[in-house]
Every structure is written in structure tokens, then in C-alpha cells.
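A.B. asks: These protein sequences, in sequence, are chains A and B.
Throughout the first sequence, residue numbering follows the UniProt record's numbering, covering 1 to 647 in sequence.
Throughout the second sequence, residue numbering follows the UniProt record's numbering, covering 1 to 138 in sequence.
Worth flagging that the hints you see were computed from the coordinates, not collected in a lab.
Even for Gly, the Cβ is constructed at its ideal location relative to N, Cα and C.
It cannot be assumed that every hint is accurate.
[Unchecked claim] Only part of the chain A face toward chain B is listed, based on derived beta-carbon distances under 10 Å:
#1 V63
#2 F235
#3 L268
#4 N271
#5 W325
#6 G333
#7 Q334
#8 N339
#9 V393
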Amino acid sequence: MKWDEFFVTGDPLIYGADVSIGLTVIGILFYLTYFKKWQWLWREWLTTVDHKKLGIMYIASAVLMLFRGGVDALLMRVQLATPDSKFLDAQHYNEIFTTHGTIMIIFMAMPFLIGLINVVIPLQIGARDVAFPYLNAVSFWTFFIGAMLFNISFVIGGSPSAGWTSYMPLAGNELSPGPGQNYYLLGLQIAGIGTLLTGINFLVTILKMRAPGMTLFKMPMFTWSALITMIIIVFAFPILTVALALMTFDRLFGAHFFTLQGAGMDMLWANLFWLWGHPEVYIVVLPAFGMFSEIISTFSRKVLFGYKAMVWAMVIIAGYSFLVWVHHFFTMGQGELVNSVFSITTMIIGIPTGIKIFNWLFTMYKGKISFTTPMLWSLGFIVNFVIGGVTGVMLAMAAADYQYHNTYFLVAHFHYVLIAGTVFSCFAGLIFWYPKMFGYKLNEAIGKWVFWVFNIGFNVCFIPQFILGLDGMPRRVYTYSAASGWGGLNMLSTVGGFLMGIAFLILAYNFYYSFRYSERENTGDSWGLGRTLEWATTSAVPPHYNFAVTPTVTAMDPLIQMKRDKQDVKPKIEDIKKIHMPDNSGVPFFMASFFFVAGFGLVFEWYWMGIVGLIGVFITLIIRSFDKNEGYYVSEEEIKETERLTV
Amino acid sequence: MANPQDSLSREHGGIPWKHVIGYILSIVLTALALWVTFETGFSTRTILIIIFIFAFLQAALQLLMFMHMTESSEKNNTLTGKTQTGNILFAAFIAIVIVAGSVWVMGAGHAKHDHHKMEMDHDMKMDGDMKMDHGDHK
Ligand code: HEM
Ligand SMILES: [Cu+2]
């Protein structure tokens, strides 16, 4: 690597990005210094182990990544709007669809959901925090550092360009020389550590830390969906870890796991990738289902219809999601027997999902529905997700898939699932639980604008792509000829894309507007319709210990039961006892920083730097291992004062 | 509310010997596998058999030393016991799906037609190449 190749040069777009990154960094540093915020940042955020704050940081990072991935998307849409466009060249286009796909799934969808899970689940099960608060901080910081490592690729060294699937041999050294693909391997590897730890942490939290009386079948649906998601994470992510490690060996150390020479098996990469990849689809959609269940039940003022059926559907999906992976490469050539088997397993897995749609419809049936923005997103989800599901069953037929495969039909399909499922749920959940995080609601009038503009834009963007796909337009092409006749629909699709971009800007404005003008909540039950424990806190934003007195659960939807019993959520003064809480720690932040050093070194094959970074990681591990800190107690006086209890 | 983290740290004070020994033995088994592959002159087949045995030994070792395999019988808490059993069964199921599924998928159809070529590759390359052509694209 020569030094003049270190920074990416030659493209005005990149120079623009360099300038804006530089200005943003200077702006942030100036703000922190001028307003003397450094200490505050360190004490309140960088060293926190509080699940609510970590959740907020996850969500903030995810919104940032949604912006980055969205800009990538719009750049591609501009290039594709007209035939023979010269806006982006082929290599640049390849880099952009690769970073767009990877960022949207790994660094936007997952952290957004994990962030909401972080904020809500401990509250929902009546716990003080997660089972391993320190580990939770390690999860966040390794995710964040992995994301940053991946993101700097476009200004330093060059972005990966082999697609988010990184198929071999394309992703090998011969066809993808340079550091780009290494960024993919190491960024995902580091972030994957965080995801795996989250899986373990929340599995234990949900199994072990529920409030007394909350049996498994009294758990709220979002908690159930999180539990199942964590099981899938714990079993699926090691496959990705191993596959990434093997490809890293191929690229850095000359091994031959997936290469064409040396009896490597290039197709084995695709096989392993999707063995993780299909469960991953459920990882990003089950929490979405959980959130919609909560929201639909809350705003229909009814118990969730078919609770047990929903739970069993998810339990089945946890195992079954590992049995369908081949549908992502029917055309690889494994023959008709294999394809037929996986065709059938895929169609069967649609059934539990279909059941859920009916459950939501019956939940609303004869309900007294409030059309709040979270509810609007949920309704939008039901309609649009059905389109995604139906086209999915079409793709599941192996013989037909030979026609749809790698066309815009597929692109439209998975955007219908990922946007209408995951992104809608993230918006819905964010708005729904926003008062829990910040103590005020997002403005509803502006929120409705966001919903309508986004929804219309979404459909205008992706409906034409179904038609383009059936008309034969392949995915991952950077341009097409005027003679193909695809120009008009592509232009329409681009218009839709920009409508979504505008909706995002209105949403960003809503964050600001609501911060300034929204009325501050003064009860824990901000929507007045809360059913589950997170709304049973005494203040809108719960104190760091969550509940002054651990609630006792007697029924499903415990808050509804408390309301029926006319029971006050305010704790009784004689029940207050001192509370044991974990101390903050700066070690996770440093550990992740050393991971960054190690990752960056390996990306450029500067092994001395990789070794230095890993030694740093080990030192932080050792520091933690010999740390005898057992946390501290919140005194009764402090609790009484926080809860405004007077003798 | 008791935090599992602190109950853990109180239960076993001192050096966690089980983990240390498990860790060292894992490293030794891995190093042995590498040594057998690179430094002995065995045929590919023999090497594969040996390193497979090492792999299974290591998996068993880790289950015993790190994964609390024996815990369910110690505790009479039935949920812990059930979770443990369910967990092991599910893990076995997933492992079988991954390994047997991959072998089936990679060996069927297209790949099968290429078998002839694959075998030639094996005969010609595997044995010779087992010593790894380091640095062929450095
Ligand atoms: C703002 C809305 C979005 C627009 C306009 C958009 C547009 C696009 C475009 C133009 C492509 C490239 C198609 C090609 O050349 O083959 C693409 C690919 C992709 N998108 Fe999006 N997208 C959006 C949101 C999302 C979201 C929210 C996700 C995931 C949660 C997502 C996941 C993906 C994936 C996985 C790919 C495939 C990348 C690859 O081929 O390697 N997109 N998108
Ligand atoms: Cu799939």
C-alpha cells in the first residue's frame, strides 16, 4: 500500500464527503469544548452501563446509519433514473450497493431493533437492568466500532464492492484486490462479537430476571419475540463468525477455503453465508412482529388475539428458520432434489407468518381503535408486508425463481419485507416508546406527514421495480440502454426514493420540533392506554434503577390488571429498600477502541498494528477479570426523594 | 434484585481452574492439529481422520469445562434443567443441519457432475498442496 493510495482520491463526491466529515468532526469537538461537555459525555454516556442509555445510543447510531445508507440509496437511484447515465461509474456503483446493503442490514436494522429491545425489555419484565450490564456496554461499543470501521472505508482505502453477500471468488484477492473487502470482513467480525454478546445477555435476562409472577406465558409479546430472536442470534451468528474468519484467512494468509485454486470451494461461502443469512432475516423481522403486536393491542384497547398461537408460531420459526437457506441460491446448480426440498420448506415457513397477519386483524376486529402515528405505521405494515410475503412465496418456487433470480423483482420483494417489516416497526416503536426515553412525545401532526409521504414514496419507489424485474432488468447493474425501455419506470422509482428521503428529513425536523415544543409527560403511562410494565413506572422517564419496588405480576397485561384493581403504581413508602446497582465502567469503550486499532491494522495487512491492537484488547480483558468492584447501593433516602415520597 | 453477575462472582472466588485447564487444553489440541497437518507426512485421509478426532475431543472438552454440561443434575431447579436439556438438543439439531445440510447441498447436482474434476484436483493438489502454497498471491 503506497501512501497516496491511503486516501481515496479523484472523485468530487468523495471530496465533498471528506469536507463534510471534517466539518462535522470539528463542529462536534467545538461544541463539546465550548460548552464544557466532555465530562458530561464521559460520565453519562461513554461509560454508562444503563440499558436505557445504551439503547438510546444504539438507536441514535442506527438513525445515523439510516441516513448514510439512505444517501447511498439515493445516489444509486439518481444514477438509474435515466438510461446511459454517467453520474456514477461501474466500480463506484458496485461500492455503493455493497455498502448500502451491508449498512442497512448490519448497522441500521439490527442496532435499531437491539436498541429498542435494550430500552424496553428490562422495563417490560420488571427488571432493574439486564443480567450482565457491563457486557451490554461491551456489546454496544464493539457494534459501534465495527460500524465505524466499515464506514470509513469510502474515504480511506476504498469501499468493498462485492455485494453485501460477498460471494467468492469475486470477493477474493484476485478479483477484489486492496483493503475494501477486508473492511467488510473485519467490520462485520467486530460488530458480530457485540451481537453475539447481546444474544446471550438478553437470553439470560429474559429467562432469569422477570418480575415475580411473570411466568413464560404471561410475558408480553415483544418480550417473547426478543427471546426467540436471541435464541436465533446465539445459534446463527457463530456461522457468520466462522465464515468471515475463513475468508479472512483466504485473503490475508493465503489459505484456500473458498478460492478457486488449491481445491477450495467457492460455493461453500454462499452456502455458509445463507446458513446464517436466512436466520438473520428472522432476527430482523421477529422483534418487528413483537412491536406491532404491542402497538396494535394497545391502540385497539384489546388483548392480543391468539397469544398462544403467536408464541408457538415463533418457537417453530426459531428452529425452522435454519431449514430454508438454499432458497437464496436455487440457481447454483445443486439439482432438482435439493431445490424441491428447500422449495417446500420455504413455502411451509410462510404459514406461521400468515397466521400472525390474521391474529393482528382479529385483534383490531371490534376494537376501539385510536389512529395514532405508531398505529398508522402498524396498519401500513400489514398492507405492505402482505405484498412482500406474497411475492416471497412466488420466489420460493424454485422453477419460477430461475426467472426472478437476480432481477429487480427480487430487489422489490426484499425491500417490501425489510422496509415494511423492519423499518416501519422501528419507526412505530421509536414513536411509541419515545416518551419512555425522553419524557415527551414526538409531534403527532408532523408524524402523520412523515407516515404518508414515506408510505407513498415507498410504494412509488418499489412497485415499478416489480414490473422492471419481470421485464428482465437485472439487479446490481449500474446502467441500462435507452432501447431497453426501462427509463420511465426507473425515473418513477427514483421519484419515490426521493419522497422517502423527504420523509426522513421531516422526521429529523420532528426530533427538533418536539424537543423544543412538545408537552412534557408527567405520568409513566404516556399514551394512557399502557398494558405492560414499562408504562407502570412512576415517572415518564424511569430512574436508573427502573422500579423503586419490583412489581408483582398476577396476570397478562399487568398494568391493565392494576388499573382494574384500582392499584396505584406509586410504591408504598414502607416497601422501599436500598437497591444494588452496577458501577459505570470505561473499560468497554477502551476495549472497543483497541479492536478498532486491531481491525484497522488487519484491513491494511499491517500486522504489527493488528498485534498491538489485540494486545490492548487482552489487557482490557485482564483488567476486567481482576476488577473486584461489586457495584454500589442506592440509599433509601435517595429513592424516596427520586420517587417524591414523603413520610 | 439479585444480579446473576454478582452471585456468580461470589460463588467461585479464586482462580477458575476448570476454565484455565480447558483453555490450555484447547490451545494444545489446536496446535497438535496444525502440527499433524503441516509437519507430518501422513496421507490426506489419515490427516483428516486425526484432526477430526482432535476436533471432537475439543468440542467435548469445551462442553464440559466451559458450558456447564453437568449442571442440570446438580441443581434441582427444574426450569434450569429443562432449559439445559433443550439447549443441548437444539444445539445438536443445528449442528447436524449445518454439517449434514452443507455436505448434501454441496455434493448434489452440479457439484456431483464436477466430481470427476474434483477428484483429479484432490489427487493432484490436495496431497501436494497440503503443505500449503503460502504466498502465492503476496
Ligand atoms: C430509502 C429507501 C431505499 C431505497 C431507495 C433503496 C434502494 C436500493 C437500490 C437502488 C439497491 C441496489 C439495487 C441493485 O443495483 O441491485 C438496493 C439494494 C439493497 N438494499 Fe436498499 N433501498 C432502500 C432501503 C433499504 C433498507 C431499509 C434495507 C434494509 C433494511 C435495504 C437493503 C438492501 C439490500 C440488502 C440490498 C442489496 C445490496 C446488494 O445487492 O448487495 N435497502 N437498495
Ligand atoms: Cu431466506
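A.B. asks: Among the hints numbered above, which are violated by the structure, and what are their numbers in rising order?
C.D. replies: 1 and 9
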